[in-house]
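These protein sequence lines are chains A and B, in that order.
1 is the number of the first residue of the first sequence in my numbering; add one for each residue after it.
1 is the number of the first residue of the second sequence in my numbering; add one for each residue after it.
It is possible that some hints are incorrect.
Each pair may be met inside one copy or between any two copies, as identical chains are not told apart.
Stated by the list, open to error - Derived PhoX-like pairs: lysine-lysine, alpha-carbon spacing no greater than 25 Å straight-line:
1) Lys47 / Lys260
2) Lys307 / Lys162
3) Lys155 / Lys26
4) Lys97 / Lys260
5) Lys47 / Lys97
6) Lys7 / Lys26
7) Lys279 / Lys155
8) Lys7 / Lys97
9) Lys26 / Lys307
10) Lys47 / Lys26
11) Lys97 / Lys279
12) Lys37 / Lys234
13) Lys279 / Lys162
14) Lys162 / Lys26
15) Lys155 / Lys47
16) Lys279 / Lys47
17) Lys7 / Lys278
18) Lys37 / Lys47
19) Lys37 / Lys278
20) Lys234 / Lys99
21) Lys26 / Lys260
In short, the hints are calculated from the structure, not lab data.
What follows is each chain in one-letter form.
Number of protein chains: 2
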Amino acid sequence: MTMSMDKLIQKIVAMNNPTVAGLDPKLDFIPGYIKEKAVAGYGNTLKAAAEALYEFNVGLIDALCDIVPAVKPQCAYYEMYGAEGVDCLARTIRYAKAKGMYVITDGKRNDIGTTMEAYAKGHLGQTQLIDGSFVEPFGGDALTVNGYLGSDGIKPLLETCKQQDKGIFVLVKTSNPSSGELQDRLIDGRPVYEIMGEMCESWGEDQRGEYGYSAVGAVVGATYPEQLTELREKLPHTFFLVPGYGAQGGGAQDVAGAFKDGIGAVVNSSRGIMCAYKKQELDERAFAEAARAEAIRMRDDIMSVVK
Amino acid sequence: MTMSMDKLIQKIVAMNNPTVAGLDPKLDFIPGYIKEKAVAGYGNTLKAAAEALYEFNVGLIDALCDIVPAVKPQCAYYEMYGAEGVDCLARTIRYAKAKGMYVITDGKRNDIGTTMEAYAKGHLGQTQLIDGSFVEPFGGDALTVNGYLGSDGIKPLLETCKQQDKGIFVLVKTSNPSSGELQDRLIDGRPVYEIMGEMCESWGEDQRGEYGYSAVGAVVGATYPEQLTELREKLPHTFFLVPGYGAQGGGAQDVAGAFKDGIGAVVNSSRGIMCAYKKQELDERAFAEAARAEAIRMRDDIMSVVK
């Protein structure tokens, strides 16, 4: 089997595109005709909302799957529609995988021991049924996680990563304005994010793949280019998931430091791609086409700075 | 409307019982006859597993609702059964609320901006459907959250807390052995958990209720009694959710410091209550009765040290 992060990197290299499309389908982003069809079929219910999300996602995945290596569904936008929304999340992941895409489930999950194991089994691995047989409830390739609880929160994931060839991305330096309230504070002269980053290096040290990157990646925001560059140097075996490009203000130059020898990171855009048709004031039926054009523009923008 | 944390404290005072029963229903904990019935009805499916979880939860809630003020379902144990499991979570929350219990959804969710709003709406508030009407997907009274991302991750919740009279519990000092890897490190001479605790005081300062506690509580483990006592002094407006009693090793004396003038905390037990029938080697049909007896023992044990 191929190590999970290698699968992602191979897709990035093959498509010459180190980006991931965020699937954060707010109802506001979804064309009216899709929502009308969902209401016609299911009334004004959570199920109708979930169906609209799913049809929107399928349109985006179809338009992106041959040029963008990965998608990143954000759990919150599915959970807000209850079990129906979570079913849409599971179906979206299955559809993207069937189309050959690498799926990063953005759940920022965190807990300890057997509870973290339950998240690992649910999102990345297999769950045991009453008769002892196994099923894959979600089947993502990687899961974002929060390391505030320390090794007890990460080790249960490492077992699943090893057995099932999956990956995780630990929050290190997030893209939001207030990320520094804790993450920039100094511990023995070094910021919290650097200490978290070093823990990622250590958690991943016995699961390194052919490109040198481990199953334990890190989330580092495009909105902090200096820290991104500094962390690329300090964390040579940690692959980066970089949010904050586009809508949050980060540009291509800001993410350049995340790369070394042409690899090292995958840069996310959610609203920029999902809402490209709105920004360009195109007909809503052109949403998928507009998303593809924006994904190509983003790819070329980022590849222009990748070293 | 009554502020959420006041509702919890009122129930605690009325029942003279500052404890919460964790609903972490692993299949291993569930009596065989419940699992057999679920398989007979639904085959060996995720649905059958979810039904077994639900019937177990209903039995526990029925046995506990007149003596225990709150339940704390742990999301991971439901998510691991996919959308069927998440539906069981939603139904469990509704059932516990119908029985008058306060529900703390243990999701340790964290994100920023509109994404955190989506979690807030989904778990504590209301979600807007396609026609603009609102539904309550989960309806918990409080949600556990992780503050690593700073204020951008907490402020979207505060709005829902204020509008819907809900609460949150932020991870401050967790009960696990490795919690100190980050949480005990010193920033300007003070541990990370203390800084996180002070952020809780500040986030909650304009949402304080009649007992002086705000809508922003903190998770502080029973396994660190000194820190618990120290934080009770330093965070006078922050109500504590205390895991780690029982199975994780904390005893009544360890949680004594979490209380001041008889209130200040709610102590969780999950396995101790759920698996009481196993520990006492009772017939599995006595699971609910055994859970009740253990809940009474725990209540008396903790009330014996509450100051």
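Hint by hint, here is what the structure shows:
1. Lys47 / Lys260: Answer is neither: 45 Å inside a copy and 47 Å across each miss the 25 Å cutoff.
2. Lys307 / Lys162: The answer is neither: 30 Å in one copy and 48 Å across copies each exceed 25 Å.
3. Lys155 / Lys26: Close across copies (20 Å), not inside one copy (33 Å); limit 25 Å.
4. Lys97 / Lys260: Result: close neither inside a copy nor across copies, 28 Å intra and 53 Å inter.
5. Lys47 / Lys97: both (23 Å within a copy, 23 Å between copies)
6. Lys7 / Lys26: For lysine 7 and lysine 26, neither the intra-copy (29 Å) nor the inter-copy (33 Å) Cα distance is at most 25 Å.
7. Lys279 / Lys155: neither (43 Å within a copy, 28 Å between copies)
8. Lys7 / Lys97: Answer is within: at 12 Å inside a copy they meet the 25 Å cutoff, but 45 Å across does not.
9. Lys26 / Lys307: neither (35 Å within a copy, 49 Å between copies)
10. Lys47 / Lys26: within (15 Å within a copy, 28 Å between copies)
11. Lys97 / Lys279: neither (28 Å within a copy, 44 Å between copies)
12. Lys37 / Lys234: So lysine 37 and lysine 234 fail the 25 Å test inside a copy (51 Å) and across (55 Å) alike.
13. Lys279 / Lys162: neither (42 Å within a copy, 34 Å between copies)
14. Lys162 / Lys26: between (34 Å within a copy, 23 Å between copies)
15. Lys155 / Lys47: neither (36 Å within a copy, 29 Å between copies)
16. Lys279 / Lys47: neither (28 Å within a copy, 42 Å between copies)
17. Lys7 / Lys278: neither (33 Å within a copy, 44 Å between copies)
18. Lys37 / Lys47: Classified as within: same-chain Cα gap 12 Å, cross-chain 28 Å, threshold 25 Å.
19. Lys37 / Lys278: Only inside one copy: lysine 37 and lysine 278 sit 20 Å apart there, 51 Å across copies, limit 25 Å.
20. Lys234 / Lys99: For lysine 234 and lysine 99, neither the intra-copy (35 Å) nor the inter-copy (54 Å) Cα distance is at most 25 Å.
21. Lys26 / Lys260: Close neither inside one copy (35 Å) nor across copies (44 Å); limit 25 Å.
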